[in-house]
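Given chain A, work out where chain B should sit, using these hints.
First to last, the protein sequences are chains A and B.
Sequential numbering from 1 applies to the first sequence in the numbering used here.
Sequential numbering from 1 applies to the second sequence in the numbering used here.
Hints in this document: simulated from the structure, not taken from any laboratory.
Any given hint could turn out to be false.
Each pair may be met inside one copy or between any two copies, as identical chains are not told apart.
In the DSS-like style, the derived pairs of lysine-lysine whose C-alpha atoms are separated by at most 27 Å in a straight line are [what the hints assert, rightly or not]:
1) Lys-167 <-> Lys-40
2) Lys-302 <-> Lys-318
3) Lys-325 <-> Lys-112
4) Lys-82 <-> Lys-318
Protein chains: 2
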Amino acid sequence: MTIRVGILGYGNLGKGVESAIGQNPDMKLAAVFTRRVPEKLQIRTKGVSVLPADELQRLQEEIDVLIICGGSATDLPEQTPKFASLFNVVDSFDTHAKIPEHFAAVDAAAQKGGKVSIISCGWDPGMFSLNRLYANVILPQGHDYTFWGRGVSQGHSDAIRRIPGVKDARQYTIPVPEAVEAVRSGLNPELSTRQKHTRECFVVACEGADLAAIEREIKTMPNYFADYDTTVHFISEEELARDHKGLPHGGSVIRTGETGMDGEHKHVIEYRLALDSNPEFTGAVLAAYARAAFRMNQEGIKGCKTVFDIAPAYLSAKNGAELRKQLL
Amino acid sequence: MTIRVGILGYGNLGKGVESAIGQNPDMKLAAVFTRRVPEKLQIRTKGVSVLPADELQRLQEEIDVLIICGGSATDLPEQTPKFASLFNVVDSFDTHAKIPEHFAAVDAAAQKGGKVSIISCGWDPGMFSLNRLYANVILPQGHDYTFWGRGVSQGHSDAIRRIPGVKDARQYTIPVPEAVEAVRSGLNPELSTRQKHTRECFVVACEGADLAAIEREIKTMPNYFADYDTTVHFISEEELARDHKGLPHGGSVIRTGETGMDGEHKHVIEYRLALDSNPEFTGAVLAAYARAAFRMNQEGIKGCKTVFDIAPAYLSAKNGAELRKQLL
Numbered sequence: 001m002t003i004r005v006g007i008l009g010y011g012n013l014g015k016g017v018e019s020a021i022g023q024n025p026d027m028k029l030a031a032v033f034t035r036r037v038p039e040k041l042q043i044r045t046k047g048v049s050v051l052p053a054d055e056l057q058r059l060q061e062e063i064d065v066l067i068i069c070g071g072s073a074t075d076l077p078e079q080t081p082k083f084a085s086l087f088n089v090v091d092s093f094d095t096h097a098k099i100p101e102h103f104a105a106v107d108a109a110a111q112k113g114g115k116v117s118i119i120s121c122g123w124d125p126g127m128f129s130l131n132r133l134y135a136n137v138i139l140p141q142g143h144d145y146t147f148w149g150r151g152v153s154q155g156h157s158d159a160i161r162r163i164p165g166v167k168d169a170r171q172y173t174i175p176v177p178e179a180v181e182a183v184r185s186g187l188n189p190e191l192s193t194r195q196k197h198t199r200e201c202f203v204v205a206c207e208g209a210d211l212a213a214i215e216r217e218i219k220t221m222p223n224y225f226a227d228y229d230t231t232v233h234f235i236s237e238e239e240l241a242r243d244h245k246g247l248p249h250g251g252s253v254i255r256t257g258e259t260g261m262d263g264e265h266k267h268v269i270e271y272r273l274a275l276d277s278n279p280e281f282t283g284a285v286l287a288a289y290a291r292a293a294f295r296m297n298q299e300g301i302k303g304c305k306t307v308f309d310i311a312p313a314y315l316s317a318k319n320g321a322e323l324r325k326q327l328l
Numbered sequence: 001m002t003i004r005v006g007i008l009g010y011g012n013l014g015k016g017v018e019s020a021i022g023q024n025p026d027m028k029l030a031a032v033f034t035r036r037v038p039e040k041l042q043i044r045t046k047g048v049s050v051l052p053a054d055e056l057q058r059l060q061e062e063i064d065v066l067i068i069c070g071g072s073a074t075d076l077p078e079q080t081p082k083f084a085s086l087f088n089v090v091d092s093f094d095t096h097a098k099i100p101e102h103f104a105a106v107d108a109a110a111q112k113g114g115k116v117s118i119i120s121c122g123w124d125p126g127m128f129s130l131n132r133l134y135a136n137v138i139l140p141q142g143h144d145y146t147f148w149g150r151g152v153s154q155g156h157s158d159a160i161r162r163i164p165g166v167k168d169a170r171q172y173t174i175p176v177p178e179a180v181e182a183v184r185s186g187l188n189p190e191l192s193t194r195q196k197h198t199r200e201c202f203v204v205a206c207e208g209a210d211l212a213a214i215e216r217e218i219k220t221m222p223n224y225f226a227d228y229d230t231t232v233h234f235i236s237e238e239e240l241a242r243d244h245k246g247l248p249h250g251g252s253v254i255r256t257g258e259t260g261m262d263g264e265h266k267h268v269i270e271y272r273l274a275l276d277s278n279p280e281f282t283g284a285v286l287a288a289y290a291r292a293a294f295r296m297n298q299e300g301i302k303g304c305k306t307v308f309d310i311a312p313a314y315l316s317a318k319n320g321a322e323l324r325k326q327l328l
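This is chain A alone, in the form it adopts within the complex (with noise of 0.2 Å):
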């Protein structure tokens, strides 16, 4: 049996969870909604529909599952409750501190709708979160350290292109790699944000802007760059776009703790990704949990659920005997 995905919202994380659904032969794209106008969008899936969102409400019959693929300000916070009682979801909640509220919402419309939404799916959080929780549970006594890039980081591009005199930018957030190793190596240091990972900013500056005047703005930007070593580096429009036009990410999750009945044996586990498309891997992940969310539903579950509720084997394709002959 295929399972039918909807997708809402076609940008980056859209285009992302498209070609992951490709890439799993038990799955089909359905339809793409948008808020946008239909006609414009040109997807590049062969033979499939683009729709408005208001259509949604009356293709409850033609979608098993419906990935949400907007942003975390203001998307996901109407959206996800919203489709949340009509249909299976998964979405990428990412605003850690408004996580506990989302969560009651989805699962208020969830459980009424009698359908399964998982929600906050991705690398961090979602994998990254997995990590840390199967790190915390097996060595109870420890630090837990988690590292971001080499990779793009979009608040940070966005908040440099809102300086005055900036017409493009784009920002890599780089861990420091005596700080990895130290981590690694079992030492267990306190590190400041400083310590842990630098900035560069590639800045395309408008015609005669006061270039010292953005790095200086760039440098001195509360929370997003004044606590780093920043570095930043004029170009052209040209290099840019032709450097720079990959969304890469990845980054570590490291827990080194001890064990024995004196804490003298030491233990590091390391999760590392290194992506070229932040988007598209994100979108492999929502895919992944969408067949999760299916499934489950089939089975007669309800609610909202994270990835912390989610047996692994829900995700696969494959039945039990087959994961613990092929996998175990």
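Leaving out everything else, chain B in the frame of chain A:
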């Protein structure tokens, strides 16, 4: 509520479980069971009884989960099915080819007794298996690699000890650094057995033994050494005791894969362990899964499970809201 854990078998793994229980405030060691003479066993947790294995049957009310710490060759195939109808049990069965058979026998007993059994826990099978599964569902188009070590292989050490003229031995499995780097860099190399790992042996020979003959016998031993580049060092008993008394291990599970409509973006997922004590880390994994077995059974779940069937949240003493707030 404190989870009362029993340990059956007090070798290296049983001791590892004992120290893990001491690190988990929601668990307590109820008793250690042995097939040896209990009076001769000195355990390290104060005030806990050592009892003959035969007494287990009459202690169903005193033990919430039994962690069975026997060997996979002969102990577990007999013990786990035997106790799975009486207790929630956890084992570390690792004879890969016989997992389907073991699963069936344990499942029948657990279903009959209304208990939860979790088999094949630890790090491989166990955490490595989980990481193979997660990485495969995210990147359906890709390649899997597992490297073991640098660490002590007990099976290979035992094989050397069986050679006439050998008094004692310790064997290290070592990943070939160039192979690991080639995999990490996304080259997807095809690697032979010899290209993936080397083997290093530290051997204490009996007085007057023919060292050249021992070395030849090791290096040509089928399955164990013949397919590897093997180094043999003859050392004294004192050196073995001084430099090789630990049981370190570890390794990496790596999956490299492609996403995008044309597979144009590459990704690397790596899960890496560096362990000072293989049995203590394995024991720590078993303890976490013991919590899951107990909690699942409390909810009315029964039957045989593997790491694939356990929602991660069951492993933690924290509730869903705490996990979402602290680890998601």
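Intra/inter-copy verdict for Lys-302 and Lys-318 if alpha-carbon distance must be at most 27 Å
both (22 Å within a copy, 22 Å between copies)
Since the copies are identical, ignore which copy is meant and state whether Lys-167 and Lys-40 lie within 27 Å (CA to CA) inside a copy, between copies, both or neither.
within (26 Å within a copy, 78 Å between copies)
Have a look at Lys-325 and Lys-112 and pick one of within, between, both or neither, based on CA distance no larger than 27 Å.
between (39 Å within a copy, 24 Å between copies)
What label fits Lys-82 with Lys-318 when the C-alpha limit is 27 Å: within, between, both, or neither?
Cα proximity of Lys-82 and Lys-318: none, with 32 Å in one copy and 30 Å across.
Going down the numbered hints, you'll see the structure goes against just number 4.
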